[in-house]
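Input sequences plus hints: build the corresponding full structure.
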Amino acid sequence: MEERLAEIEQAVSLSFELSNVGIDSAPERLQLKERVTQYLHELEQNPEAWKFGAELFAKSSNEYARFYGLSRVSSALERDAAGKTLPEEDSVALRGIVTGWVSQYSQVPRHFRNKVGLCLALLVKRDYPERWPDAFGWLLPLASQSRDNAELFLRVLHFVTEEVVQFRQSRSQDEVRRNALVKDAMRVDVLSRICEFWLQVMLNFHSTDPSLVQECLRVMEEYVGWIDIGLVVNDRFVPLLYQFLSSRDLRVHALKVLHAIICKGMEHEQKLALIRDLDLTSVLQRICEADNIAHPKNKQPQIGGGMVVGSAQASANGKGPDGQNAAGGGAGGDDDDDEEDEDQGWGFRENVSVLVNEVALRLLEARGAIPQDASTAQAHAYILDELRLRTLPLVVRECLMHEDEDAQVAVTPAIMKLINIAREANEAHLDQKANFKAVRHPKTEPRVDPELEQLAKATLPEVLPVVASNMVFPEDHEFVASNEDELDFERHRSEMRKIFVHTTKVAMLEVSLPFLRDLVAFTLKPGQPEARPAAEVEVTLTLLHAFGEGAPSGVVSSTTRTLLDMARLGNAQFSTKTKRQRFFQHQQNQNQSGKDGNRETSVTLQDVNDPAAMKNDEAKAREEDERRAAARAAFTEILAQMLQCGIWAHPNPDVVLLYSEVATRYVSMLLDRHQDLLPVVLKSLVGEGGVCHAEERVRSHSCYLLLRVAKAIPSTALKPFSGDLFEVLKTKLGVTYEAVRADIEHEEQEALRAAEDSSGAASGTAQSSAGRRKAPDGAETAALYSVDDMMYLYELASVLIGIMYRAEAPMLTIEHLSGVMAPLRRKVDEIVQTVEAAGPPSNEDQERERKLLAAWAAECVHAMGVLSKGIPEINALAESLQKLYEANLETALRAASAMPDNARVRSRLVTMLHCALRIMGDKAIHFAPGIGLRLLQQSDSLDHLLQAMQFINQLIPTYKGRMFDALDPIFIPVVQHITATMSRVPNPFADVQTSTGANGAASGATAAVATQQSPASGAVGGAGGGGSGGSATIGSQAGQAPATPALTSAQQEYRAVKRALLQFFRAVVHNELDMVILSPANAPHAEQVLVLVSDALATFPDTDNAQKVACSVLTKLTTLWLPNQSLQPQTRDLFGRFLVNSATPASVRAVTLPGFSLEEYDSITLIDAVCKFHHSLAQHLGEPWLRHLVDAVLPGLMDGNCPQSAVLEYCQLLSDGSAAVKQLRAKYKVIINHLVLA
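Residues 1 to 1238 (the UniProt record's numbering) make up the sequence shown, in order.
Everything labelled a hint here was simulated from the structure, so no lab data went into it.
A portion of the hints provided could be inaccurate.
Derived DEER-like restraints, expressed as beta-carbon distance ranges [claimed, not checked]:
1) Gln-950 to Pro-1123: 31 to 39 Å
2) Arg-79 to Lys-1222: 52 to 60 Å
3) Glu-490 to Arg-848: 38 to 46 Å
4) Lys-1222 to Glu-490: 35 to 43 Å
5) Leu-30 to Arg-187: 51 to 59 Å
6) Ala-876 to Asp-788: 28 to 36 Å
7) Ala-751 to Glu-34: 33 to 41 Å
8) Arg-79 to Gln-104: 57 to 65 Å
The beta carbon of each residue, even a glycine, is placed where N, CA and C say it ideally should be.
Pasting the structure below:
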């Protein structure tokens, strides 16, 4: 035994010694660590490990070994929590060992005492009350013998709470039952003795050993929630708790106990009686006055001067206005060292706020929950008096007004409750659909409490000035949160802001607007931008911005439909029948509910249809519309006052930014009453307060805000200023090399940060990059904007050009547009010449320079595309615009050709194409498809090819049949390029094609089209029934074909190209362009095109819906071509034979490929597509096709077990023109279960 203990002790010591050994350490140390870890792990799995642990704790002199031994004992007790793991003999022995430690507890080092207490608590959990009925009878006398024993018992009680009382999801049912048994037994005869023990500890040690009393109060707080409240709320405990409120060491813990008492679950009447008996509001009031928690005369906020509270620092030091101590002795005097009160949580002041908040919430809830009648009149009178005279003043004037942010946030729930009361009252007073409310929500109709409503609305005006004061940044704040304290303050500000927003929702006219009017009048005085501190101005602007979040629609945003319009529409949209149904449903719901079934219904059928009620709704809606119009007018006047003060010239850039954001957000409101102030907004944004500001972030954001303003207001309002704005803007336009380089560096930094999860080096580079930018200085201005900022300015230029258009001088628009685009084209041409002259790069520097030049060209191309965003489609300019954009596109294509390896250039080119299409309309038909083909032919990678095909596929549905003449000459070249790309990639699904016996011409179709060969003889009709590649069937494997293995990169590339080709075919046939396939130029290749489609259906696993696309193409062509009498009979006959001999077998094989499963959604949709195709064939080819399906196609692809009746039923449904897809699918599934797997 001794040798084994020594061995374990050595292993434990090595384990702690090797705990910091990492993967970069010496191999021998890593191996040693692994061996030690394995040894200790095996020991811990030993059922008798606790015995070694007990010996180690008792005999070892190694601290690590002793702690490890204690851990083994506690682990054994945790595993045996239900008392069923250890044998009875071992259980008794273990209890004897642990209880024996109690006599030596005073010699146990302090860092082991928690573990000893845990072991005793686990013993109580396991053995009490059956196997150890006198556990507490033994512990309580010991606890009274000495201070150390009392401490041990308190630790045991704490861990009993953790292990027995607190909920844990991981506990087993046996453990839960045992815990309930322990609690029940403790309630019978132990808890009263424990409470007596607490009382004696508090009486005996509160002056000599406060730390022990602190522990006692912690435990008491944990137990209050589940013990009889009378054990602690009595004339022995409560006076003692109130006494502790005067002790700096104990007051925080006493407050927490009081909070636990108030939070204890009970009926509202009992909770009200508890608050009254405790006289808690009076006690809290005295605490606040004595401790000077935000004394009203020191911190009463006044609009303007009181926002930054002059006496905040004095209050923080516990001084009154005269410099003397303001706190009484009852609560501890000065608060310089308030942090001493903190105990793993909030300090004294914060806990006072928490308790005040809880009392306020309980009183408000009791007022709404206790019925109001003669028997409860006294209780309600008490509630109102407590709220009006004590609790709410404590909430607002003491806690919310306190200088500590945590104390302020603690009472936020109570204030939100008041706001919610006001909201419910408003909803009850004004419901634009009141005559339907009882029908829709018979049980949720709010009950209006006029006295509580009045109290709530009377309190809210006091709240907002305090909220504004609390939001003021400290003088040394940097406005951008950079450390933990500033982040905490930002979170605190968000809570204050939330109060303002919700107050605006319920009391906009009565509270928020008057407050904002006074606030703006004081802080934003005209002609004095520097007169007020930046922090105060910032709060004012923040609240103006937040007003828009709380105000209802129609106040800060334009709306074309008033509430009156919606009320009339609401009345019109309910027919009499619908109203009757709602009424009878309400009657049925009431009859089925036990409590409400005997209550008389609150709505009658007459009420539902009463025209008078409808008129009442309209009257209420009209009233609310008038309120919103008045609020909009009042807020517009406030905004006008803000704009006239010249705050855009404030020296603080954060204030300027916020001012610009507010002005932009509400600029459309100015058009109602103050159109004359629109130039003020524009001047501030385009001048030194905006895009010409010295700070880069102000300039950057102003570019975006200018564009927002131009888009937010009607063009008629902006037109008088558009010419001057455009002239100013032209001096700033230009994509510079420096801006592009900074953009590329930023992208590289972001990539590095994402890859290495490190921001140090990247942020440093970013700072240096930003530091190179200087204040506006003539020609250098263009270099001061990032690429994104410049794109905002280019888009703004296009908006202004579009606004300046005049029908009498249309070419002036082209002149403006060309004047801005021409420098960009010249710059791209210069870059292309530089790149071509430099040749291929030979080193990293040249490679980087080429990358920067390509990015520069790409952003110039992007700017040319952005310039079309604001130009409307003008028929008179179509021809001139076509020439202009053809020149732009030609330049961009040259750039893409010169730098084919740069994805940014091609991406910007495609973006410009889409922008050009929007304003050129049908004129783009003549050149856009050709550009798409050139993009496709220049593609040297899969991404480029797919990008070009996506552009072509988007052109087709835009122009549909009008694109016939433009698509006809490029159709076969597009197919040729794609098939040529496919022919360069080995077909990864060739084994699928071979095994399914697919069309013999299919394998050669790609090469035939790619090389412009003539159609292969015997292509139509060359697809025989084809033998199967095996004898397994789908039905033999429970409807599951072999799973498709993971695709290689070659397979993925082939699949992507094939899918692009099929999507191109689908776009053609579904957009009135199917005859392009049969045009004189394309007819020689039509058969190969069709074979490509059927090949995809029969040999291409449907991992990306490719088979469904192919099936859709064939179905559409069947419905278009077979009944088309204008087609030559020979053409229709050839197409019919193709459908019978190639497409039909391919459609049957489609559901036999790898990856198909009757349980998968994609496979079900493929079945639907095949059934639709078969249904179309049956309708147009008739009985001969059905016989071919039954006699020639299906027999060669099925096993011999398929019932003939299933095939006949399917064919019968196919012949029925009205058969639903769901019916066809059900029948075809039976056949699929007998198809031979590919």
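Hints violated by the structure (listed by number, smallest first): 4 and 8
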